[in-house]
Amino acid sequence: WIGWLALLLSLFSLLVAADGKSLFQVGIVSSATGELTDWHESVKGWEVYKLKLDKKYPLGFPIVGKDVTFRYSFDLNVTDDESDLQKHEAAVADLISEGVDFIANAQPNFAKEESVLSNKANLINIHGVTSNAAVFEQDLPNVFGLSQPTASFYSEPISALRDAGVKQVAIVYRGDLAELRVACKAAIRIAVAEGLPVQEIVYTTSEPEVLEGVTRQVNLSRSTEALVGCSLSAEAHWFLKSIHEMRKPLKGIMFTNGPANLTWLEEVGELAL
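Numbering (mature numbering (1 follows the signal peptide of the UniProt record, and there is no 0)), first residue to last: -20 to -1, 1 to 253.
Note that these hints are calculated values from the structure, not bench results.
This structure is a prediction, so every number in the text was calculated from the model and none was measured.
Watch out, some of these pointers could steer you wrong.
Pairs of lysine-lysine residues, derived as DSSO-like cross-links and limited to a Cα-Cα distance of at most 30 Å, are as follows [as the list claims (entries may be wrong)]: (1) LYS228 <-> LYS165; (2) LYS24 <-> LYS67; (3) LYS147 <-> LYS231; (4) LYS67 <-> LYS92; (5) LYS147 <-> LYS92; (6) LYS36 <-> LYS24; (7) LYS67 <-> LYS147; (8) LYS67 <-> LYS46; (9) LYS147 <-> LYS165; (10) LYS92 <-> LYS36.
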């Protein structure tokens, strides 16, 4: 609630300082192409919000002040970073130069870099899909997060695995992607605190031979009876299929990415049951 209140106060201050401006530009740099498209769907959330706002308030959303009512609407300026950090930073810099009023994050793996650039330009930077607490621990006054921290994802699943008598859990993650790495590091801390042994497996590419090697490590461990994966949705699909083909008997499987993808469950079919 404190974060939301601070955000609303910041928005109101911006409206007051805008001197009658009613149309704001929201800049979004997303990964529409390349390897990191899992998070691009978050742009649709902004598009739906804009459609609903425009439909309900055709003259602009009203904010009532003491002596005046402000009305505002916004346009979206979406740029593709092609899943590349340097292109992401360059695109954010371009949006700032073009005079956007806000920066909305749609790629959590580049959130820290984006937040620094936005804050330096004195622009509000809103993160709807970033769960990496390190982004907000920078204590940047213009940066706001709306997602739960990664540590909150795993307490109940890890406890359930422990209660099910799981001997060991394999925790598998992309070490080169901040959002996924931080997520599974949180899972490891919780598992250790719960007294559940961990088989930690880190990889940094989607190459088939690498994913096959990860799956074999899980399969060859006699103690491993469950899997937690912080992987891209395509990688999660691969792991699920390979574990099924190897007939590895696991008591539980959890992926952070994949199940949230609209088509993922259709692609994996009965393997998701």
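- Could you tell me which of the hints above the structure violates, numbers in ascending order? 5, 7, 8 and 10
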